[in-house]
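S.K.: Same order as they appear, the protein sequences are chains A and B. Be aware that the first sequence starts at 1, since it is given in UniProt numbering, and climbs by one per residue. Be aware that the second sequence starts at 1, since it is given in UniProt numbering, and climbs by one per residue.
Any given hint might turn out to be false.
Said to hold, decoys possible - Computed beta-carbon distance windows for the label pairs: (1) P245/B to E67/A: 35 to 43 Å; (2) K332/B to Q46/A: 56 to 64 Å; (3) E67/A to D172/B: 33 to 41 Å; (4) M1/A to H113/B: 50 to 58 Å.
What the hints assert, rightly or not - Within a straight-line C-alpha distance of at most 30 Å, the following computed BS3-like cross-link-like pairs (lysine-lysine) qualify: (5) K84/A to K37/A; (6) K94/B to K99/A; (7) K37/A to K221/B; (8) K157/B to K75/A; (9) K90/A to K126/B; (10) K75/A to K37/A; (11) K157/B to K56/A; (12) K30/B to K13/B.
Said to hold, decoys possible - A short list of chain B residues far from chain A (calculated; beta carbon distances all over 10 Å): (13) M148; (14) S218; (15) R326.
Don't read these hints as lab results, they were simulated from the structure. For glycine and all other residues, C-beta sits at the position ideal for the given N, C-alpha and C.
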Amino acid sequence: MNKFETELKAGNFVTSECSYCNRIVWPPSDYCDNCFKDVNWRKVSQNGTIIELSRKENDVFCIIEFEDKIRVMGKLDAEIHMAKPGQTVKLSKCMLNDKNSFFFNLEN
Amino acid sequence: MKKVAVVGYGNTKFTKDELPIESLLLESTKQVFDTTKNLSQDLIDGLSELSGIKPKISHTVEHLCSSGSNAAVSGFSYIASGLADTVLVTGADKIGNPGQILEWDKSRGEFDHPIYWASMFTKAHKRQFSTTDEELAIVSAKNHKQAMDNPNAYSHKPYTISEIMNSKNVTDDLRILDCSYSCSGSSSILLTSEETAKKFTDEPIWISGIGQKTNSASFTKNELTTLSSSIIAANDAYKMAKTTPKKIDVAEIHDAFSVCELMAVEDLSLTEKNTGASYVRNLFNTEDRKINPRGGLIGAGHPLGATGISQIVEITQQLQNKAKKRQISNAKSGLVHNMSAAATSSTVLVLES
Numbered sequence: 001m002n003k004f005e006t007e008l009k010a011g012n013f014v015t016s017e018c019s020y021c022n023r024i025v026w027p028p029s030d031y032c033d034n035c036f037k038d039v040n041w042r043k044v045s046q047n048g049t050i051i052e053l054s055r056k057e058n059d060v061f062c063i064i065e066f067e068d069k070i071r072v073m074g075k076l077d078a079e080i081h082m083a084k085p086g087q088t089v090k091l092s093k094c095m096l097n098d099k100n101s102f103f104f105n106l107e108n
Numbered sequence: 001m002k003k004v005a006v007v008g009y010g011n012t013k014f015t016k017d018e019l020p021i022e023s024l025l026l027e028s029t030k031q032v033f034d035t036t037k038n039l040s041q042d043l044i045d046g047l048s049e050l051s052g053i054k055p056k057i058s059h060t061v062e063h064l065c066s067s068g069s070n071a072a073v074s075g076f077s078y079i080a081s082g083l084a085d086t087v088l089v090t091g092a093d094k095i096g097n098p099g100q101i102l103e104w105d106k107s108r109g110e111f112d113h114p115i116y117w118a119s120m121f122t123k124a125h126k127r128q129f130s131t132t133d134e135e136l137a138i139v140s141a142k143n144h145k146q147a148m149d150n151p152n153a154y155s156h157k158p159y160t161i162s163e164i165m166n167s168k169n170v171t172d173d174l175r176i177l178d179c180s181y182s183c184s185g186s187s188s189i190l191l192t193s194e195e196t197a198k199k200f201t202d203e204p205i206w207i208s209g210i211g212q213k214t215n216s217a218s219f220t221k222n223e224l225t226t227l228s229s230s231i232i233a234a235n236d237a238y239k240m241a242k243t244t245p246k247k248i249d250v251a252e253i254h255d256a257f258s259v260c261e262l263m264a265v266e267d268l269s270l271t272e273k274n275t276g277a278s279y280v281r282n283l284f285n286t287e288d289r290k291i292n293p294r295g296g297l298i299g300a301g302h303p304l305g306a307t308g309i310s311q312i313v314e315i316t317q318q319l320q321n322k323a324k325k326r327q328i329s330n331a332k333s334g335l336v337h338n339m340s341a342a343a344t345s346s347t348v349l350v351l352e353s
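Using the sequences provided together with the hints, build the complete structure.
M.R.: Have a look at this one:
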């Protein structure tokens with residue numbers, strides 16, 4: 001289990017980042033995908049942007065982008081017609097049980 | 001580099017039955033032996049299992065939904081390099097193969113089933129190009145209809161556009177009849193060098209172009225309305241074959257979901273950007289089978305490891321003028337397009353008679 005997963009299990013959403021290349025390394029990895037040096041880990045900003053969304057039964061699922069780079073899929077707590085790409089959301093909860101889970105709310 | 005030809009093939013029926021994978025592999029291999037003249041086990045150098053073949057080279061190719069075409073690329077490479085002369089490429093899968101669930105794409109999290117990326121692609125396509133549910137349904141209607149003349153297809157039932165549009169909602173943006181089905185099935189091809197081809201067939205079909213591109217493990221990183229790996233793979237394949245998209249007479253396209261065919265016909269340059277839906281509608285209305293004559297993945301079924309090989313079998317039959325009711329008249333040049341992992345990887349082959 002890498003740092004991303006141990007932190008997610010503790011309820012924290014973190015990303016890897018390379019201080020030499022000054023860039024976010026995503027998907028999360030122990031080494032920079034540009035220079036292969038060791039990465040640093042830090043919390044991801046709480047606010048993200050909707051890239052796309054759809055709905056399965058009553059669950060709205062979406063791709064959310066953070067910091068112009070980090071994209072994850074998760075559940076959005078909103079009516080489907082209230083949300084569209086470009087809107088800002090806030091991470092409400094994240095966890096790792098069997099799989100990664102992310103939950104978002106619409107930001108007013 | 002030596003020239004490489006497809007000189008034999010075999011297919012099982014694709015079904016929803018639970019069948020042992022070894023039996024499936026053996027059945028399509030047996031068909032290659034049954035239908036290829038002068039072929040015996042000792043003539044095969046590479047890539048096989050069962051069936052009494054003791055190859056000097058053999059291995060398994062695991063590349064998710066494009067395992068089949070990538071195994072063919074491996075076989076091609078052995079022959080082109082001179083490391084082997086004749087190679088049997090055989091692929092099979094059982095219904096319910098968990099290979100379609102991608103646990104290593106961390107960005108998908110719990111949304112690891114293909115219906116989720118397909119919904120994202122479809123919704124984004126609707127938003128950007130004003131694509132309608134009817135335009136999506138036409139892909140499925142066309143491919144189900146074409147599958148009726150493919151004896152190996154799992155589905156032999158025609159569906160109307162409205163039946164497809166009114167079929168069960170898997171998600172807000174995906175109907176059940178816009179999805180391909182995991183199946184049991186197997187397909188095999190026999191590849192050989194130019195020197196040996198004449199021994200096995202009077203009608204060798206040449207693999208003249210190959211392009212393969214993998215651009216990310218995470219589909220969420222890519223644009224949702226373009227198959228960027230397919231664009232690169234197709235351009236490489238056209239370049240290697242010294243041909244152009246205009247010269248392609250028939251194509252097998254990876255229609256895992258309806259939206260994929262609309263995107264692929266554009267990204268393989270078979271039609272211009274933003275004309276995919278009208279292009280496919282015209283094929284449907286004029287009963288032109290140029291795209292997915294065997295019914296595609298939606299009509300024929302999708303046994304992951306067999307699909308790419310089955311696509312090659314179809315194009316080979318088309319270029320040999322042996323596709324019976326599915327035949328495109330005077331087909332000289334064909335294309336195979338096989339993808340995996342939400343279009344993060346694509347393989348494109350150009351075949352010529």
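S.K.: Does each hint hold? Answer for all of them.
M.R.: Structure-based check of each hint:
Between P245/B and E67/A the beta carbon distance is about 39 Å. The supplied range of 35 to 43 Å therefore holds. Separated by about 59 Å at the C-beta atoms, K332/B and Q46/A satisfy the suggested range of 56 to 64 Å. At about 28 Å, the beta-carbon gap between E67/A and D172/B misses the expected band of 33 to 41 Å. The hinted range of 50 to 58 Å is not satisfied by M1/A and H113/B, whose Cβ atoms lie roughly 23 Å apart.
Distance check on the hinted pair: K84/A and K37/A sit about 38 Å apart at the alpha-carbon level, beyond 30 Å; violated. At roughly 25 Å between alpha-carbon atoms, K94/B and K99/A fall within 30 Å of each other, so this suggested pair holds. Restraint check for K37/A and K221/B: the C-alpha separation of about 22 Å stays at or below 30 Å, so the hint holds. For a cut-off of 30 Å, the pair hint linking K157/B to K75/A is broken: about 36 Å separates their Cα positions.
Our distance criterion of 30 Å between C-alpha atoms is met by K90/A and K126/B, whose separation comes to about 26 Å. In summary, the hint linking K75/A to K37/A is not supported, as the alpha carbons are separated by about 34 Å, beyond the 30 Å threshold. Pair hint K157/B plus K56/A holds up; C-alpha atoms about 27 Å apart against a cutoff of 30 Å. Straight-line distance between C-alpha atoms of K30/B and K13/B comes to about 14 Å, which keeps the hinted pair within the 30 Å bound.
Against chain A, the non-interface label of M148/B holds: every CB pair exceeds 10 Å, the least being about 31 Å. Against the 10 Å criterion, S218/B falls within the reach of chain A, whose nearest CB is about 5 Å from its own CB. For R326/B, the requirement that its beta carbon stay farther than 10 Å from each beta carbon of chain A is met, with the minimum near 35 Å.
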